[in-house]
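Q: Just need the whole structure built from these sequences, with the hints factored in.
Going down the list, the protein sequences come from chains Z and F. Position in the first sequence counted from 1, then plus 778, gives you my numbering. Position in the second sequence counted from 1, then plus 5, gives you my numbering.
These are computed hints drawn from the structure, not numbers from a lab. Being a predicted model, the structure only gives us computed values, none of them experimental. Fair warning: there could be bad hints in the mix.
[To be verified] To give an idea of the interface, some chain Z residues facing chain F are shown, with a C-beta separation under 10 Å as derived from the structure: (1) A795; (2) M832; (3) T835; (4) D836.
[To be verified] Facing chain Z, a subset of chain F residues (Cβ under 8 Å, in silico): (5) P14; (6) P88; (7) L124; (8) A163; (9) R170.
The C-beta atom is built at its ideal place from N, Cα and C for all residues, glycine as well.
Each chain, written out:
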Amino acid sequence: MDENEEALQRAFRIGLALPQDVAVEQLVYNEIVEWDSIGHMQLVAEIEDAFDIMLDTDDIIDMSSYQKTKQILKKYDVDFGA
Amino acid sequence: MIRAWRNAPEVASFHAERDTISAEKQKRWFAKVSEASSHFVWVICCAKDHRPIGVAHIKDIHPTHRRGEVGLYLGDVARRGGPFGGDAFFLILEFAFRSLGLHKVYGHYLHENAVARRLNASFGFVEEGLFREELFYDDAFHDYVRVGVLEQEFTQSAGARFYSRRIPKEGE
Chain Z
779 MDENEEALQR AFRIGLALPQ DVAVEQLVYN EIVEWDSIGH MQLVAEIEDA FDIMLDTDDI
839 IDMSSYQKTK QILKKYDVDF GA
Chain F
6 MIRAWRNAPE VASFHAERDT ISAEKQKRWF AKVSEASSHF VWVICCAKDH RPIGVAHIKD
66 IHPTHRRGEV GLYLGDVARR GGPFGGDAFF LILEFAFRSL GLHKVYGHYL HENAVARRLN
126 ASFGFVEEGL FREELFYDDA FHDYVRVGVL EQEFTQSAGA RFYSRRIPKE GE
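A: Spelled out as structure tokens, the structure:
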């Protein structure tokens, strides 16, 4: 797996306090109890630490799924393999 | 306004003390907290529209042991589920640790209050005790949880990392 993809998945598991065996690729905001506004705050903190970036407020609000998060991170020069 | 919030079932149901608060009782409470140096109370207002949305406090501040008890609620039910609880909690904890110089902050919540558990955990609070069947309401006994956070645990928490990047420090 791509290094950045691995780091993002780790950030999702830590930020949302998910077990190792949960597949994070299809996660959507508010579709699991762990990803509410509290989980979102924790998730942003973990992603920012993982990639040494600071997300804009609009991007934090737009982070509505794992896949959308990947798209947003490309704006911060975080690339993911094809 | 505060008494109306506090007496509303959707707020009272999260508190250990559920008796209806009379105007007289509120006056006594206000006189007491106004004079106490060990007690701070704030009305939480939305920064965008300046509307009051909730109440927060730090009480029983002990100058020797440098600890105090924190609590907050959003009386404006429509504002729940968003960022306001986290925003306010961070500012209160910053005040407790940075301005008051506390070493430890603690709090309590009903065991079934999952939102309180998760919000507290996101700021580094750990469970310090479970008061089994401490409270009786709705025809049943309920557990009551005590949690606490040390300054270093707060600083390292996801909540503090998130907000400290976004809220300017004094003098910045």
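Q: Looking back at the hints listed earlier, which ones does the structure fail to meet?
A: Checked against the structure, the hints that fail are numbers 4 and 5, while the rest are satisfied.
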